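Each chain is listed here by its residues.
2 protein chains.
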Amino acid sequence: MKAEYECIGCIIKHTQSLIEKADKTNKISSEKKFEDYKKVISDLIKNLEYGKRPIELSVSQYDSIYELYGKQDFFINEKTNANQIFLEMYDDLFYFIMNSENPLKTAAKLSAISNIIDYGVKNSFGELEFEIETMAKKRKFAIDDFKSFNEKLKTAKKILFIHDNAGEIVLDKLFIKTIKKFYPDIIIYSAVRSAPIINDATLKDTDEINLKELSIPIESGSVYPGTIFEKTNETFKNIFEKSDIIISKGQGNFEGLNKTCEKIYFILTAKCSVVSQELNVKVGEFVFKRDVVI
Amino acid sequence: MKAEYECIGCIIKHTQSLIEKADKTNKISSEKKFEDYKKVISDLIKNLEYGKRPIELSVSQYDSIYELYGKQDFFINEKTNANQIFLEMYDDLFYFIMNSENPLKTAAKLSAISNIIDYGVKNSFGELEFEIETMAKKRKFAIDDFKSFNEKLKTAKKILFIHDNAGEIVLDKLFIKTIKKFYPDIIIYSAVRSAPIINDATLKDTDEINLKELSIPIESGSVYPGTIFEKTNETFKNIFEKSDIIISKGQGNFEGLNKTCEKIYFILTAKCSVVSQELNVKVGEFVFKRDVVI
Chain B
849 MKAEYECIGC
859 IIKHTQSLIE
869 KADKTNKISS
879 EKKFEDYKKV
889 ISDLIKNLEY
899 GKRPIELSVS
909 QYDSIYELYG
919 KQDFFINEKT
929 NANQIFLEMY
939 DDLFYFIMNS
949 ENPLKTAAKL
959 SAISNIIDYG
969 VKNSFGELEF
979 EIETMAKKRK
989 FAIDDFKSFN
999 EKLKTAKKIL
1009 FIHDNAGEIV
1019 LDKLFIKTIK
1029 KFYPDIIIYS
1039 AVRSAPIIND
1049 ATLKDTDEIN
1059 LKELSIPIES
1069 GSVYPGTIFE
1079 KTNETFKNIF
1089 EKSDIIISKG
1099 QGNFEGLNKT
1109 CEKIYFILTA
1119 KCSVVSQELN
1129 VKVGEFVFKR
1139 DVVI
Chain H
849 MKAEYECIGC
859 IIKHTQSLIE
869 KADKTNKISS
879 EKKFEDYKKV
889 ISDLIKNLEY
899 GKRPIELSVS
909 QYDSIYELYG
919 KQDFFINEKT
929 NANQIFLEMY
939 DDLFYFIMNS
949 ENPLKTAAKL
959 SAISNIIDYG
969 VKNSFGELEF
979 EIETMAKKRK
989 FAIDDFKSFN
999 EKLKTAKKIL
1009 FIHDNAGEIV
1019 LDKLFIKTIK
1029 KFYPDIIIYS
1039 AVRSAPIIND
1049 ATLKDTDEIN
1059 LKELSIPIES
1069 GSVYPGTIFE
1079 KTNETFKNIF
1089 EKSDIIISKG
1099 QGNFEGLNKT
1109 CEKIYFILTA
1119 KCSVVSQELN
1129 VKVGEFVFKR
1139 DVVI
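Top to bottom, those sequences are chains B and H. Reminder that position 52 of the first sequence reads as 900 in my numbering, one-by-one numbering, no gaps. Reminder that position 254 of the second sequence reads as 1102 in my numbering, one-by-one numbering, no gaps.
Because the hints were derived from the structure by calculation, they are not lab data. What you are looking at is a predicted structure, and each value in this text was computed from that prediction instead of being measured. Keep in mind that a hint or two might mislead.
Any copy, or any two copies together, can satisfy a pair, since identical chains are not distinguished.
[Unchecked claim] Straight-line C-alpha distance at most 25 Å; calculated SDA-like pairs for lysine to any residue: (1) K881 x K1119; (2) K894 x Y917; (3) K861 x S1124; (4) K872 x G899; (5) K887 x S1121; (6) K872 x S1121; (7) K875 x R901; (8) K861 x I876; (9) K881 x Q1125; (10) K875 x S1121; (11) K861 x K1119; (12) K875 x K900; (13) K1130 x F989; (14) K875 x N925; (15) K1060 x I924; (16) K881 x L1127; (17) K985 x E999; (18) K986 x F944; (19) K900 x M849; (20) K886 x C858; (21) K861 x N929; (22) K953 x T1003; (23) K875 x T928; (24) K875 x V1129; (25) K1119 x I876; (26) K995 x K1029; (27) K986 x L1127; (28) K861 x S1121.
Please construct the entire structure, taking both the sequences and the accompanying hints into account.
Here it is, written out as structure tokens:
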């Protein structure tokens, strides 16, 4: 999908939060922060080209930030914290899924719901768990291609699951567990980013949540948020080609993979006006959409 | 006051809302908006210099926007609407002021409170009026130099009131009315911007609220938000010099005039982290501060 002008503002806003993060680790002077911010935006402007995908535009931002502050894992604590919080409700949520009318669809919905959750999440005495379950009961997918997914599952041998953020990867694991419950012979690969980038899941997170008991974790080759096929590694490309179904989580992966392959099912929450317009849904709505290639 | 790196993000965010406004009046293509936004940010970057005041940095943004879309009054409807809403509660609020323990201070507080209100304000069956009165009763100035102001009033002959936004100018008028009630001989000048810029008050607004029945409206010479003394016109400079007290409303005027003249009393609500840090108050707090020149 094409980036709109609003995406520029969004990237710049995000730059600010990255500088804030860097400032927390190693106190930076007011003047240096000013000059750094100016430099990142200046680099970004040079790279802005209409027609590119949003995640392509943000690449230069990360390069500039790394150049300024080194390759830090800025969100390491938030990620571990989010994994921990969701692991605590893992068993309860699996019980909730298996006792629902359509466990597979419920599991898919929980995975979509988890996509709302950004870093800074807190679990206060089961409230978050209750909220997730209530949302799963009350709300429907605004785009619902679950039926075709369900059909394809019956004959699928290999699935590639492209994850998005830490924390929510625990609810992706629940979806994988539910698939394996009904189709134990399907082999599932779990692709995560090849380097720490914002709060996106990496192999460290798949370890923390012991994902390998259900699927095979791999690095996608992407060192930026989202997934652009041409920038993935050979293993990922190979598994992508050979899989019968690809599950793509979140906006970043959607931005990169939208309109590329009909094997893909996008699960996400539309978080901004640009993505929601592209999908023709409202901001905040859940989507389970099979990719359409025109 | 010096602009911090956060100010850059704030200016860029505002650019986006100006493009949105322009888009509403004359539909602009997705590609042109993208290129326009890029151009405005690019111009802005060239103008960014550490040590300048926030409002100085934003000047290039307005120049670029005007260059792209012409000199439009983007907020004309919002301004008239806001004036109308506050005029409706004018008499009630004056009654409230005069029946309070310290009418002058209450009037000053109402003027500060009105500074929270941005465009898009709606009055729903007296709710806003009730909220304003409750706030005036419950909350104190976080910085309170009212005593010294009150002392100076006793001998003052001329006051220059530098206004900020449309809508809130009605509550400034109430403050002026209260001053005139106790000191009918003081001559008050009301400075507004010389051109429509965001929702800042202009002579059109002083006309709409009939300010001239109490004070003498003048244009400050400023065609950008806020007031930078060097960029004001001769009339303004002259009245500035000859006034015994200067009342400066809002953040923009504070950004430009802070630490320049001890005759100034700043009335504002701290709306962002940069201004609140400069003042050492919390975001959202009300300030009645005499200027300090070091």
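Here is how each hint holds up against the structure:
In this homomeric assembly, K881 and K1119 come within 25 Å of each other (Cα to Cα) only across copies, at 21 Å, whereas the closest approach inside a single copy is 28 Å. With identical chains, the CA atoms of K894 and Y917 are at most 25 Å apart both within one copy (20 Å) and between copies (23 Å). In this homomeric assembly, K861 and S1124 come within 25 Å of each other (Cα to Cα) both inside a single copy, at 19 Å, and across copies, at 20 Å. Taking the shortest Cα distances, K872 and G899 sit within 25 Å of each other only across copies (23 Å), while inside one copy they are farther apart (35 Å).
Within a single copy, K887 and S1121 get their C-alpha atoms only as close as 27 Å, which misses the 25 Å cut-off; across copies the closest is 22 Å, which meets it. Within a single copy, K872 and S1121 get their C-alpha atoms only as close as 31 Å, which misses the 25 Å cut-off; across copies the closest is 16 Å, which meets it. Taking the closest pair of Cα atoms, K875 and R901 come within 25 Å of each other only across two copies (23 Å); inside a single copy the shortest separation is 34 Å, beyond that limit. For the homomeric pair K861 and I876, the shortest alpha-carbon distances inside one copy (18 Å) and between copies (24 Å) are both at most 25 Å.
Taking the closest pair of Cα atoms, K881 and Q1125 come within 25 Å of each other only across two copies (16 Å); inside a single copy the shortest separation is 34 Å, beyond that limit. For the identical chains of this complex, K875 and S1121 are inter-copy neighbours only, at 17 Å across copies versus 35 Å inside a copy, given an alpha-carbon limit of 25 Å. In this assembly of identical chains, the alpha carbons of K861 and K1119 lie at most 25 Å apart whether taken from the same copy (15 Å) or from different copies (18 Å). Taking the shortest Cα distances, K875 and K900 sit within 25 Å of each other only across copies (22 Å), while inside one copy they are farther apart (35 Å).
Proximity of K1130 and F989 under a CA criterion of 25 Å is satisfied intra-copy only: 11 Å inside one chain copy versus 41 Å between copies. For a Cα distance limit of 25 Å, the shortest separation of K875 from N925 inside one copy, 18 Å, qualifies, whereas the shortest one across copies, 45 Å, does not. For the identical chains of this complex, K1060 and I924 are intra-copy neighbours only, at 21 Å inside a copy versus 60 Å across copies, given an alpha-carbon limit of 25 Å. Taking the closest pair of Cα atoms, K881 and L1127 come within 25 Å of each other only across two copies (21 Å); inside a single copy the shortest separation is 37 Å, beyond that limit.
For a Cα distance limit of 25 Å, the shortest separation of K985 from E999 inside one copy, 23 Å, qualifies, whereas the shortest one across copies, 65 Å, does not. Proximity of K986 to F944 under the C-alpha cut-off of 25 Å is restricted to the intra-copy arrangement: shortest distance 14 Å within a copy versus 47 Å between copies. Taking the shortest Cα distances, K900 and M849 sit within 25 Å of each other inside one copy (8 Å), while across copies they are farther apart (39 Å). For the identical chains of this complex, K886 and C858 are neighbours both inside a copy (16 Å) and across copies (13 Å), given an alpha-carbon limit of 25 Å.
In this homomeric assembly, K861 and N929 come within 25 Å of each other (Cα to Cα) only inside a single copy, at 24 Å, whereas the closest approach across copies is 31 Å. Within a single copy, K953 and T1003 get their C-alpha atoms as close as 17 Å, which meets the 25 Å cut-off; across copies the closest is 77 Å, which misses it. Taking the shortest alpha-carbon separations for K875 and T928, only the intra-copy value of 23 Å comes in at or below 25 Å, while the best inter-copy value is 46 Å. In this assembly of identical chains, K875 and V1129 lie within 25 Å of each other by CA distance solely across copies; the values are 22 Å between and 42 Å within a copy.
Taking CA atoms no more than 25 Å apart as the test, K1119 paired with I876 passes between copies only; the shortest distance there is 24 Å, against 31 Å inside one copy. Taking the closest pair of Cα atoms, K995 and K1029 come within 25 Å of each other only inside a single copy of the chain (18 Å); across copies the shortest separation is 74 Å, beyond that limit. When the C-alpha separation of K986 and L1127 is checked against a cutoff of 25 Å, the pair qualifies only within one copy, where the shortest distance is 21 Å, while the shortest distance between copies is 47 Å. In the homo-oligomer, the alpha carbons of K861 and S1121 lie at most 25 Å apart both inside one protomer (15 Å) and across protomers (15 Å), since each shortest distance falls under that limit.
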